[in-house]
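> Sequence:
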Amino acid sequence: MDPRIREHAEVIVDHSIDLSEGDNLVIDAHPQAADLVTALHEFAADRGANPLVVQDRLGERFRRAYLRNRDEFETPSHIEALYEEMDAYIAIKGSDNVTETSDVDPETTAAYQQSQQPLLNERLSKTWCLTQYPAPANAQLAQTSTEGYENFVWDAVLKDWDAVREHQSQMVEILDPAEEVRIVSGETTDVTMSIAGNETLNDYGKKNLPGGEVFTAPVPDSVEGEVLFDKPLYHQGREVTDVFLRFENGEVVEHSAAKNEDLLSEVLSTDDGASRLGELGIGMNRDIDQFSYNMLFDEKMGDTVHMAVGRAYDETVGEDNEQNESAVHVDMIVDMSEDSFIEVDGEIVQRNGTFVFEDGFED
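For the sequence shown, position 40 matches number 40 in the numbering used here, and the numbering has no gaps at all.
Please keep in mind that the hints were generated in silico from the structure rather than gathered at the bench.
There could be a bad hint or two in this list.
Claimed, not checked - Here are the simulated distance ranges between beta carbons:
#1 T241 x D272: 36 to 46 Å
#2 S125 x D320: 14 to 24 Å
#3 T38 x S145: 21 to 31 Å
#4 G225 x E72: 15 to 25 Å
#5 K126 x E343: 28 to 38 Å
Unchecked claim - Taking lysine-lysine pairs in the DSS-like style, the calculated list, with each CA pair at most 27 Å apart, reads:
#6 K159 x K206
#7 K159 x K259
#8 K206 x K231
#9 K206 x K126
#10 K207 x K126
#11 K206 x K259
#12 K231 x K207
#13 K231 x K259
#14 K126 x K159
Quick caveat: nothing in here was measured; it's all calculated off a predicted structure.
Note that CB positions come from ideal geometry on N, CA and C, so glycine has one too.
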């Protein structure tokens, strides 16, 4: 076993979820991640925890077979009971075919996601971590060798996360008390939103591994303007490119995509909350230096901003604010490296990818 696999497992157990004696641990993993699952069992045994492996949300082949043969769904009470009893949840991405679900009807997928909403709520209420195993199919999607992708994944995961937290806290201090954020990129993106009263979180590998972003929730009805997401989106086994959204009173009133626009339309019509923003995130991890068609990594890239239509995370919504509810949470990315700026309460805090607290900002 590559020693970095055990390092990866140790970071998950000790940093991301702080596994303790007696914890009931559910590991949701593709068979491609068997080595990492094995290492997690070794650490679980050492910590006195109780692991169980399932292949539910990430078992794409199984899910495809199910969704292509059924069009009405209900929340499975036996899985809900399992999640109620667990203390911690680890989801490990990894695939032998990244396009496995590409021939599932988007309408069917949307109905299925709505039925799974209570499961998602229960999972998110527990200690959880989403991470990646460097499987060959994911390397192929990233257009790199298997060895190159392994290096990419473990370089991004095996970091000094305390140092990451300290660096990113400077952006949290700017956003947390803020009222309004404006994102401008070239002539294609100019959007404003209120974040007043909402919390800005510092993602340093606690829930998502790798970490490398700060994020908050827009006030649902406050989003105005238009955005061109110039980085591709890979969703449900299909690539969606050049997504354009125009917002009025917080709602998407116009949308388009150069490729697979029908999939985008299905996402936005999943439910009432799917056509509103649930997240604004700012990528700050410059060690993620290549686009990989994997949102777990791509949304953390330095010099990017991402916005998600759909569900807002509970922890980002202030006590007196409305939370955007949805069965979906779909992130999309804007490149902020050139001809762009982030403005917070009228002050520019990032210009062409450089933050106000970094050398070169005034240049």
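> Run every hint past the structure and note whether it holds.
Here is how each hint holds up against the structure:
no., hint, in the structure
1, T241 x D272: 36 to 46 Å, "violated (26 Å)"
2, S125 x D320: 14 to 24 Å, "holds (21 Å)"
3, T38 x S145: 21 to 31 Å, "holds (24 Å)"
4, G225 x E72: 15 to 25 Å, "violated (38 Å)"
5, K126 x E343: 28 to 38 Å, "holds (37 Å)"
6, K159 x K206, "holds (12 Å)"
7, K159 x K259, "violated (36 Å)"
8, K206 x K231, "holds (26 Å)"
9, K206 x K126, "holds (13 Å)"
10, K207 x K126, "holds (11 Å)"
11, K206 x K259, "violated (34 Å)"
12, K231 x K207, "holds (24 Å)"
13, K231 x K259, "holds (12 Å)"
14, K126 x K159, "holds (24 Å)"
Consistency note: the structure conflicts with the earlier hints numbered 1, 4, 7 and 11.
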